[in-house]
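> Sequence:
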Amino acid sequence: MVHVEPMKISATIISLNEEEHLGRCLQSIQGVVDEIVVVDSGSSDQTLDIAATYGAIVLKRHWTNYSDQKNFAASKASHDWILSLDADECFSALLREDVSALKSREATAEAFEFPRLAQYLGRWIHHSGWYPDYKVRLYLRTKAHWEGKFVHESLVVEGRIGRLKGDLLHYTCDSVSDHLNRINRYTTLAAQDLWERGKRSSMANLVGSPPATFLKSYIFESGFRDGIHGCLIASFAGYYNFLKYAKLWELERKAASNS
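Take any residue in the sequence shown, count from 1 to its spot, add 283: that is its number in my numbering.
Hints listed in this document are in silico derivations from the structure and should not be mistaken for laboratory results.
Below, computed lysine-lysine pairings styled on DSS-like, alpha-carbon distance capped at 25 Å:
no.	residue 1	residue 2
1	530	499
2	432	537
3	482	530
On a predicted model such as this, the values are computed, not experimentally measured, just so you know.
Throw the hints in and build the complete structure from the sequences for me.
See the structure below:
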């Protein structure tokens, strides 16, 4: 009989003022992972105390960008298998079972993805283009790395990607104001990303993209089945695209005035 070495997993989380979410996240992976590494970029709340309560290794590092912070966290882990989570995510009971079972057998892939189920304004969202929203979060650090300078970082994997059934639970916006604040923050990063990649705004982007995005989410991705939550998601998705291209236009205007 061939002896299979148990998979050892280091969970990595990047944080900044995550006291509201971090405890739930860390509680959900207790007994599943073998190490927790938290890379913090200057929290002023109870984030570090909560991390310490769960036995996490806490490293302080000045913020660079999402990809760089996550790659740094993985480089500081003791084990080659990395579970990368955001502080507002946690394991469902089924995902705990799936990962625990995976640890006891020989891995058949270099990375694994899970469906992600989001809670938005108190409701679990099963449509609107938000589910199953597969995310690759468990990976061999020798075979994968994070890329993306500004926003929407992605994991680039050299090899096979397996799939687990259990949901990764994502606790998103608790209020409309929270959603608006996130949109404002992420559209700034998205516009900078487009600018760096040589993309430019147009009237078609500003006028056509918002309604097209709304229709895609609300009609073609069955957002109407999520009730008023689906309507809000679709509307904010359209607004996100409008604001992103408006901020890109603003970058163009500033560049022209400085030339």
